[in-house]
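A.B. asks: Listed here are the chains, written in short residue letters.
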Amino acid sequence: MSKEEPIAKKPQGSRYTLRVWRQAGKDKAGGLQTYTVNGIIPNMSFLEMLDVLNEQLVKEGKEAIAFDSDCREGICGMCSLVIDGVAHGPHAGCTTCSVRMRDFPAGSTITIEPFRARAFPVIKDLVVDRSSFDQIIAAGGYVSVNTGAAPDANCIPVGKEAADKAMDAAACIGCGACVAACPNASASLFTAAKITQLAMLPQGQPERKKRVVAMVEEMDRLGFGDCSNHGECEAVCPKEIGINHIAQMRRDYLMATLAP
Amino acid sequence: MSTTLEEDLRAVASPLMNSNVPEGPLESKWTDYKSHMKLVNPANKRKYTIIVVGTGLAGGAAAASLGEMGYKVLNFCIQDSPRRAHSVAAQGGINAAKNYANDGDSVYRLFYDTIKGGDYRAREANVHRLAEVSVNIIDQCAAQGVPFAREYGGALTNRSFGGAQVSRTFYARGQTGQQLLLGAYSSLMRQVHEKTVTMYTRREMLELVMVDGKARGIVVRNLINGKLETYAGHAVLLCTGGYGTVFYLSTNAVNSNPTAAWRCHKQGALFANPCYTQIHPTCIPQEGDYQSKLTLMSESLRNDGRVWVPKEPGDKRKPNEIPDDQRDYFLERRYPAFGNLVPRDIASRAAKLECDNGKGVGLTGKAVYLDFRDAIKRLGKQTVKERYGNLFQMYEEITNEDPYKVPMRIYPASHYTMGGLWVDYNLMTNIPGLFALGEANFSDHGANRLGASALMQGLADGYFVIPYTLGNYLASSQPADNLTTEHEAFQAAVARVQEMTDKLLSIQGDTTPTEFWRALGKIVWNHVGMARNAAGLKQAIEEIKALRAEFWKKVKVDGKGDTLNKNLEFAGRVVDYLELAELMAIDALHREESCGGHFREEYQKDGEALRNDDKFCYVAGWKYTGDVSQPELHKEPLHFESIKLQQRDYK
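Chain order of the listed sequences is R and A. Take 1 as the starting number for the first sequence in my numbering and just add one per residue. Take 261 as the starting number for the second sequence in my numbering and just add one per residue.
Since the hints were made in silico from the structure, they are not lab data. On a predicted model such as this, the values are computed, not experimentally measured, just so you know. One or more hints might be untrue.
Unchecked claim - Each computed DSS-like pair below joins lysine-lysine, with the alpha-carbon atoms no more than 25 Å apart:
id	chain 1	residue 1	chain 2	residue 2
1	A	K826	R	K59
2	A	K763	R	K62
3	A	K814	R	K59
4	R	K28	A	K487
5	A	K816	A	K826
6	A	K763	A	K798
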């Protein structure tokens, strides 16, 4: 190993001061701790910067900071983080993994906290439990069709406009930023995106009323708050899903409960 | 190993590798076979517990389908939700022989293209079945509400992809993988609601448990509290993806890893064709050595972009300051007929060669230019924007450079692995009760995978193959007994994992697991990457052995075993990378031919892969012998009844 040359010459890079939320476990007290990290180049992604810090911490015999990430290209929805008070950081239409360090002035101080919501308990440091989202989908976010029971795909025509609208809603990556940004910690945008996707399509019609009632009730049961039209969710959504989807969900819910 | 190499290499079927391909004409094998399979009575299905590891297209589709059928399914994933499996990142599309475009496509044509694309190293019967069920996949996904692209009249739309001569690729914007995965995920969550499937998230499979020679359970690490958990079942389905992360630099996700498959290999499962790996030419290059994840851009960019490097090594001028006569458009120079459109493997190898000769550009010197200057001049900026706008935007977001003004920098990266656990026609490994689906198995892509075929294979295996073949296995060989995790085999498997964890935590050296991974990746990339030769492979084997020995002396793993500890998780994977990498090199060394993604410099004709069908028309299945460096080679000869073997020709 010692004979190995580094793949790239160590770039000079910048220094940042990080205030990071550390919390040993779900029921433990947490707090912000301060670290400095060096050698950060502008095109480094935010999570690569945290990787560098973690390597440094391990070398110093300290425990690495736990945070979630997987695809690192903005599509899986696993990364989170509230960066300087904004879910997924300062760059609009971006997940944390796609945020680059050039968005932060060299030498600045950055505060990093977990997504916070009653329905997203902290597991450790910056890792939170978002399994409540799976429960909302399990309550009805599907078309009930068994494998093998499908007709030929072109038997069900779908107008291009409806298909495009369904796709706009289906782009949701289930990251939970909408909940973290909402003053009420509401999951309305997430839930509405799935309801709208299926409401736009003929495949979704048979269960449309049952679905919206089941999903909305599950969302309430899990401890998410109500929507009061702040619009913070739309502002932080990395896939820029609009709050018009919430209006669609409300219309459907009203129709379903007034005329079940 | 050494003894088998000197033996006559002509393939003799190993008794461990009976493909179990049914008799009869190719076109009707699957239909006839399905009609005669043994069935599990509906009332008995709930007495069977099926363990499914992974929730990507293969695992998610399998778990949902088996749940619908009435089996009791336990489904595991490494992420916090089944919706995050790396199938989610596939962009381009999914092939199906629907012939909706009325352009002459058929099941046979898709089958033929896949066999040829795989350079005649895949099993005919499996590939034909894949092409047959491809049409059902599109029906199923459309019925789930997957928002495929549509024509104005409401019909599904298709595009041509990856050089195919017909339009058979279905897509949902640039995120087809995400939408297909969310379709499978929604069906899966419906079964969770119905309580046929129990989800276990944030679990990493670390051991296979075998009882009486059959796969009967698994050991997982609960990634939240570090506890080792055991689960018993009547069959284990491994749907855990490939091993592309061995290269360190890859387009795979951070948590993608071959540990589950490798631990099964060490329990006796044959690992097939590990040297078949795919390198994708148009990735956004690495910025520094901290970065393992590379982002892929569609190779359609090469339709209009011109690839070049400066003629003089070490030329540090900005690209636009280098005049045309001092640029080397090396693909156009070396391949005048195809120019920038040469196949993936040729383009990747040529780029690496230029960089190795000191002509690479960018911060690391590991990149070549992909220049749209001439295309913009010829077509206008607007046309270029219409064709590639989203890719240009993605490139700019990552690199902060405007590709309309400055040439893109690209470099090849590990993207997909065709090799994997050996499976028979039923997708069962040589361990009874252990099945492998999707990228985790070796089966359908031969030595090279075609574009838009990975999504197809994952869903085919999960929705339309395993529901049949699993039932046949259970009904004929596995009674619904009451084995529990009290059995001693579970305690022994837990002890194996615990021993490794203790060892990793006890060393407390000075080198992090990531540093070892990075060093290993460099060895594999240089010698077991796009171009291989005997001397390089032998050197790689020695270097990997030395690195592995050093790992067990110097690794530093912080924290504790009984808590969320990502450093420990990674360390365990690096242990497996260090072993699997050697097997990749051994396999590449033994296969003295070039085919698909396996290019041996000694076996070529004008830069084209030169197969040796007399000697190597077989699947290599490697058996673990207790010594990673001395695996035992088994062979499954490949018989081509329907297709005549030809040398791949792109000129």
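A.B. asks: For the pair we were handed, K763 of chain A and K798 of chain A, check the Cα-Cα distance against 25 Å.
C.D. replies: violated (29 Å)
A.B. asks: Between K826 of chain A and K59 of chain R, is the straight-line Cα distance small enough, at 25 Å or below?
C.D. replies: holds (15 Å)
A.B. asks: Could you grab the alpha-carbon distance between K816 of chain A and K826 of chain A and see if it respects the 25 Å cut-off?
C.D. replies: OK: K816 of chain A and K826 of chain A at ~13 Å, within 25 Å.
A.B. asks: Given the hinted pair K28 of chain R and K487 of chain A, is their Cα-Cα distance within 25 Å?
C.D. replies: holds (19 Å)
A.B. asks: Check the hint pairing K814 of chain A with K59 of chain R against an upper bound of 25 Å on the C-alpha distance.
C.D. replies: holds (12 Å)
A.B. asks: Below or equal to 25 Å on CA atoms is what counts here, so check K763 of chain A against K62 of chain R.
C.D. replies: Roughly 19 Å between the alpha carbons, so the hint for K763 of chain A and K62 of chain R holds.
Hint violations for this structure: number 6 only, all remaining hints satisfied.
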